[in-house]
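Chemist: Read off the chains here:
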Amino acid sequence: MRVSARLCRFAAAIAIASSVAICTPSLAQELKIAVAADVTSMDPHFFNLFPNNNMAEHIFDKLVQMNADSQMIPGLALSWKPIDDKTWEFKLRKGVKFTDGSELTAEDVAFSIDRVAQIPNSPGPFVAYTKAIVAKEIVDPYTIRFKTAAPHPLMPNDLSTIYIVSKKIATGATTEDFNSLKATIGSGRYKAVKYANGDRVELVRNDNYWGEKPGYEKVTFRIIKDGASRMAALLSGDVDAIEQPPTPDLARLKKDPKFTLTSKISHRVIYFNFDHLSRVSPFVFAKDGKPLDKNPLQDVRVRRAISKAINRPAIAERVMEGQAIPSGQLVSEKLFGYNPALKAEVYDPEGAKKLLAEAGYPNGFNMTVHGPAGRYVNDEKIVQAVAQMLARVGITAKVETAPMGPYSSRAAKQEFSFHMVGWGASTGEASSPLRSLLATFNRDKGLGAVNWGRYSNTKVDYLIEQALQQVNDENRAIMLQRATELSMQDLGIMPIHFQFTMWATKKNVQYTPRTDEYTLAFQFKPVKG
Amino acid sequence: MSTVLPTAPIETAERGAESPFHRIATDFLANPIAVFGLGMLILIVLAAIFAPLISPQNPYDLAQLDVMEGRLPPGSASPSGGTFWLGTDDQGRDMLSAIFYGLRISLAVGTASTVLALLIGLSAGLTAAYFGGKLETIIMRIVDIQLSFPAILIALILIAVLGQGTGKVIAALVTIQWAYYARTVRSAALVERRKEYMEAARCLALSPLRIVFRHLLPNCLPPMIVVATVQVAAAIALEATLSFLGLGLPITEPSLGLLIANGYQYLLSGKYWISFFPGVALLLTIVSINLVADQLRDVLNPRLQK
Amino acid sequence: MLVFIIRRSMQSVVVLLIMSLLVFIGVYAIGNPIDILINPQADQIDRENAIAALGLDKPLWEQYLVFLKGALTGDLGRSFVHATSALGLILERMPATMELAIAAMVISVVLGIPLGLWAGLRPNGIAGRTIMAGSILGFSLPTFWVGLMLIMVFSVMLGWLPSNGRGPTTLLFGLIPVSFLSWEGLRHLLMPATNLALFKLALLIRLTRAGTRESLLQDYVKFARAKGLSNRRVIGVHVLRNILIPIVTVIGLEFGSVIAFAIVTESVFAWPGMGKLLIDSINLLDRPVIVSYLLVIVTLFIFINLIVDVLYSALDPRVRLTDSKG
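Residue numbers (the working numbering), protein chains in the order written: chain A, 13 to 541; chain B, 13 to 318; chain C, 44 to 369.
Since the hints were derived computationally from the structure, they do not count as laboratory data.
Incorrect hints may appear among the rest.
With a straight-line Cα cutoff of 30 Å, these simulated BS3-like cross-link-like pairs (lysine-lysine) come out [to be verified]:
| hint | chain 1 | residue 1 | chain 2 | residue 2 |
| --- | --- | --- | --- | --- |
| 1 | B | LYS180 | A | LYS299 |
| 2 | B | LYS207 | C | LYS265 |
| 3 | B | LYS180 | A | LYS302 |
| 4 | C | LYS101 | A | LYS457 |
| 5 | B | LYS180 | A | LYS425 |
| 6 | A | LYS237 | B | LYS180 |
| 7 | C | LYS101 | A | LYS143 |
| 8 | A | LYS410 | B | LYS180 |
| 9 | B | LYS207 | C | LYS270 |
| 10 | A | LYS179 | A | LYS103 |
| 11 | A | LYS425 | C | LYS101 |
Short, incomplete list of chain B residues facing chain A, as computed with Cβ under 8 Å [claimed, not checked]:
| hint | residue |
| --- | --- |
| 12 | ALA75 |
| 13 | ASP78 |
| 14 | MET80 |
What you are looking at is a predicted structure, and each value in this text was computed from that prediction instead of being measured.
Heads up, the beta-carbon is just placed ideally off N, CA and C, and yes, glycines get one too.
The whole structure should be built from the sequences, with the hints applied where relevant.
Modeler: What follows is the structure, encoded as structure tokens:
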């Protein structure tokens with residue numbers, strides 16, 4: 013394989029006109045993958061959105077990569093270390109080439125980080141990951157240093173999200189130039205050859221890639237949003253692999269010898285927010301439908317009762333068809349900051365009723381449970397199952413769901429009492445959910461931005477702020493674990509489960525699944541089927 | 013289900029001493045298929061009205077459902093005694109009960125929205141056609157605006173703004189449909205207006221109101237009945253489509269359409285009953301409505317009288 | 044005639060203005076796009092910056108004025124999520140939708156009018172009754188459900204047709220990418236077009252049948268018969284011409300609705316048309332695309348309505364082609 017690749021390069025050098033495909037290894041075939049979400053742009057810095065990043069992963073490199081378990085591994089950077097409290101140094105890999113033939117150096121890295129902040133009209137910029145950098149110093153073409161105003165232990169995590177583009181090509185290039193593929197030149201495993209938004213993206217292998225070469229020479233990503241249609245495309249043989257096969261079809265997929273189902277626990281936790289504000293909560297009422305004079309959800313006993321009322325294993329088994337594991341914290345086992353002591357709440361409806369009685373609600377109350385429609389795996393079904401379980405302990409629950417757009421707008425304005433959301437710890441760390449979901453809402457510190465229930469505990473805040481500046485990994489892990497434990501004792505939010513991400517493939521295709529939910533063409537391998 | 017009908021149309025008004033209603037009833041009963049359809053429709057409407065009495069379970073009461081009993085095939089025994097004759101859906105809802113309750117909602121939504129839209133559309137369309145001038149321009153421009161919005165989009169935006177709920181879905185469906193009737197009735201009326209009997213009515217110096225309602229309306233009605241028949245069905249189907257797109261009714265109180273939409277994702281996995289039985293119920297409902305309406309139209313059409 | 048068209052165009056501009064305003068308010072009421080667009084890891088200040096970058100921090104009326112100013116120069120704004128001109132995006136997707144809609148319309152007209160005519164001429168025959176029963180099925184079943192059934196039968200079980208997507212395209216007149224010119228393209232087109240056509244087919248059958256039955260009883264038909272004209276001539280000329288009036292209206296009106304309903308078919312069959320773009324844009328609250336889509340569609344509708352009205356007067360001289368005098 014290696015020999016033939018070298019031969020190939022040799023041949024290409026002699027006769028540029030001759031097609032490379034002629035001498036590529038025999039396993040070079042075409043792979044068609046159906047994905048569930050639209051790639052809105054091919055500019056890797058324009059919009060921090062899952063499907064866009066998923067595509068950029070193929071075409072561009074990053075300093076730090078994440079392995080399948082969301083742990084950091086060297087990418088363009090061979091190594092990184094803090095040289096003092098406020099400076100990080102990254103050593104770059106030598107001899108990495110962009111697909112136009114030019115070499116990738118520290119200049120390109122510095123340029124890419126600057127470009128992130130300069131993208132006009134971005135609805136979701138990457139600046140969150142670059143703004144800690146106050147100065148850059150290019151020591152030599154293969155060494156770059158980043159200075160921060162305060163100690164910043166998460167620098168490698170942050171840079172594991174920034175794609176490196178070529179300074180030469182991207183200078184002056186607009187996002188439209190990337191969408192037309194004129195400027196979409198990276199150093200990654202694949203080259204983009206066609207981008208038809210809403211329909212497909214076609215890639216061909218970059219045979220000069222510095223690392224292991226992917227198994228397929230040509231890859232087509234088809235965008236098929238509807239789950240059943242995606243499933244039909246796989247069953248009818250139109251595509252070789254799909255992401256997110258619908259849960260109802262899992263039993264069939266498992267039985268069918270023509271297909272393989274692969275799954276892996278995701279970094280995404282599904283949880284519920286409580287209304288922690290001192291007010292008449294908008295969707296909690298007395299049994300007779302009259303408003304309550306205070307917000308029962310402020311009482312930790314009521315929150316605990318709700319948590320005990322929920323049969324998490326039943327949801328994982330029945331609603332999720334086994335593709336989830338119940339959770340009592342924010343990040344799953346392999347991620348940094350996981351606290352092995354925290355277990356999922358045990359189902360205990362009697363205990364729940366007792367706690368409700370203690371809190372002064374022996375007959376329960378009425379509540380509307382809100383949930384998003386079509387954002388997370390089986391979101392509407394989970395919300396209904398939770399409402400059923402609450403009804404059994406006396407909390408008569410109604411269910412309302414809405415598409416994520418209007419839903420998140422309302423949730424962010426504290427218009428709900430008890431509602432479901434999901435959170436993916438994309439930097440692979442417990443600090444990600446802690447700082448956004450559980451730290452007290454504070455605009456100036458940039459904390460608690462998605463703390464929609466407005467939970468607040470000064471001890472938790474203190475631990476989070478310390479952890480965010482603690483460069484020592486061991487100490488930081490302990491702080492994160494402790495902050496998680498405290499906030500879980502309070503039930504600041506109520507975790508339900510970690511969902512599994514699933515892929516279904518034809519028998520002759522194998523996928524190495526990932527925690528970060530990405531569907532990456534280079535993780536697919538042809539096998540004998 | 014007797015439809016409120018305008019009095020006997022002009023050209024065939026005289027038929028001995030029979031009352032118009034009696035005449036219509038006799039004509040209607042002459043067609044056995046229509047009678048069969050009427051019988052079926054009456055049964056369906058009764059089932060919908062008395063759903064709480066005949067259903068083994070209240071499918072809207074979450075406390076009566078158990079997710080552990082979800083997706084049971086038809087005929088499975090229920091742990092609480094009894095049998096799930098048509099199986100259960102993913103939330104453990106008894107499909108038979110869900111269909112009775114779903115019928116109720118679908119029929120209510122379909123009829124209410126069609127009747128309201130028809131009333132608004134007829135008034136607007138006739139007004140425009142009869143009076144013409146500025147009034148017509150204004151009305152027809154509003155109709156144009158209305159029709160220029162794709163129906164689904166109006167519903168989508170309305171429901172997103174209003175929130176979910178049966179009343180809101182009806183409001184959305186009325187908003188979508190009224191303009192359609194207005195335009196159709198205006199087209200028909202424009203043709204009628206030029207006919208001799210209208211000239212005659214005007215020569216007799218009858219009041220505009222009388223001309224519009226006694227003469228113009230009955231003669232424009234037959235095409236409207238065709239459209240309205242289609243629209244009851246369309247309203248029900250559209251409501252289902254809204255549910256498919258993730259809007260519409262609350263998921264815990266499914267209509268037939270929502271039941272089908274929910275079951276849709278189970279079709280490829282062989283759990284046919286979640287979608288199939290509500291589909292059959294919807295089909296029977298719409299077919300019977302149409303059988304009745306077809307015959308009604310033939311009976312009512314002043315020009316189709318033998 | 045000319046006056047009529049000019050007046051109509053002026054009214055249309057008013058319609059477009061009102062409509063864009065309504066959509067602006069509507070989308071504004073649904074929610075703030077940044078809430079869903081921005082990466083959740085972003086903090087409050089990033090969020091505010093992103094809102095400001097898209098001009099969403101300004102009051103609604105100011106945003107609308109900015110939009111109007113752009114619209115006057117033909118710029119309908121840039122998509123929030125695609126970073127390209129919203130109008131460009133729509134025009135890029137339009138041929139796929141138009142192809143689907145026209146194919147559906149052709150199917151329903153080609154099948155619907157003859158079937159309806161037949162059912163109308165022999166209302167009590169077996170064929171007539173079967174056609175009517177079939178038409179009831181046509182609009183009883185929700186489009187998305189029928190779509191999946193088609194996929195299940197013809198792609199998954201029989202393997203005859205591709206389950207989704209659009210076939211390879213070729214340029215028609217060197218301009219418009221179309222897929223119906225190749226065999227592979229036709230195979231892709233057949234199922235979604237049929238799916239989309241079913242509802243209109245049912246409607247056309249019913250309208251044609253109703254019209255036929257009615258016109259058969261009209262005096263001029265009786266007279267034509269009495270004159271000894273052949274049955275073919277009576278039906279082909281007198282009956283057909285008379286029933287064409289409502290049918291032309293309906294075809295005109297329904298064509299717009301076919302384009303709108305293509306949204307559902309496009310999502311079931313993953314057809315890369317503008318309906319799918321619209322649904323995505325609504326989900327992401329991408330206002331420039333939603334507004335541009337509507338403006339394009341409305342312009343199209345107004346145009347169609349105008350044609351319908353003109354055709355009207357051509358078909359039925361008794362209809363007044365004017366709204367300028369009472």
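Chemist: Determine for every hint whether it applies to the structure shown.
Modeler: Consistency of the hints with the structure:
A threshold of 30 Å between alpha carbons decides the hint, and for B:LYS180 with A:LYS299 the separation of about 25 Å falls inside it, so the pair holds. The suggested pairing of B:LYS207 with C:LYS265 holds, with an alpha-carbon distance near 18 Å, which does not exceed 30 Å. For the suggested pair B:LYS180 and A:LYS302, the alpha carbons sit about 23 Å apart, so the restraint of at most 30 Å is met. Proximity of C:LYS101 to A:LYS457 is assessed by CA-CA distance (about 25 Å); at most 30 Å being required, the pair is judged to hold.
Between B:LYS180 and A:LYS425, the direct Cα distance comes to roughly 23 Å. Compliance with the 30 Å bound is thereby established for this hinted pair. Distance restraint check for A:LYS237 and B:LYS180: the Cα-Cα separation of roughly 27 Å lies within the 30 Å cut-off, and the hinted pair is therefore satisfied. Restraint check for C:LYS101 and A:LYS143: satisfied, since their Cα atoms lie roughly 25 Å apart, inside the 30 Å limit. The suggested pairing of A:LYS410 with B:LYS180 holds, with an alpha-carbon distance near 17 Å, which does not exceed 30 Å.
With a CA separation close to 23 Å, the supplied pair B:LYS207 and C:LYS270 stays within the 30 Å bound. The hinted pair formed by A:LYS179 and A:LYS103 meets the criterion: a straight-line CA distance of about 18 Å does not exceed 30 Å. Simply put, A:LYS425 and C:LYS101 have alpha-carbon atoms about 19 Å apart, close enough for the 30 Å limit, and the pair holds. With its C-beta approaching chain A no nearer than about 4 Å, B:ALA75 sits inside the 8 Å limit, and its interface hint holds.
Taken as an interface hint, B:ASP78 checks out: its beta carbon lies about 7 Å from the nearest beta carbon of chain A, inside 8 Å. Of the supplied interface hints, the one on B:MET80 holds, with its beta-carbon coming within about 6 Å of a beta-carbon of chain A, less than 8 Å.
Of the numbered hints given earlier, the model fails none.
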